[in-house]
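**Q** Start from the sequences, fold in the hints, and give me the full structure.
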Amino acid sequence: MEINIIGIVGAGQMGSGIAQVSAASGLSVLMSDIKDEFVEKGFSTIEKSLGRMVKKEKISEEDQKAILGKIEG
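Residues in the sequence shown are numbered consecutively from 1, following UniProt numbering.
Keep in mind the hints are simulated off the structure, nothing from the lab.
Treat the hints with care, as some may be off.
What the hints assert, rightly or not - Below, simulated DMTMM-like cross-link-like pairs (lysine to aspartate or glutamate); rule was C-alpha separation at most 20 Å, straight line: (1) 48 x 62; (2) 48 x 63; (3) 48 x 37; (4) 41 x 72; (5) 70 x 2; (6) 48 x 36.
**A** Here you go:
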């Protein structure tokens, strides 16, 4: 059995970090929280983190877009 999609309950610091690492490893991620604004904040945290990684040349902009494209909320 191969896992391709995961769900993460909680989009705070830990949940958004797990979502980022999971998406970077190729999994599709569905992030959920009790309020949509929490999911949006988690997604924003991921965007900022990936942006820093692009600036430090740890990942490319294409990688950043691919990772963000694997995360839904």
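**Q** Each hint needs a verdict: does it hold in this structure or not?
**A** Hint check results:
no., hint, in the structure
1, 48 x 62, "holds, 15 Å"
2, 48 x 63, "holds, 14 Å"
3, 48 x 37, "holds, 16 Å"
4, 41 x 72, "holds, 13 Å"
5, 70 x 2, "holds, 17 Å"
6, 48 x 36, "holds, 18 Å"
This entry satisfies every hint, going by the numbered hints stated previously.
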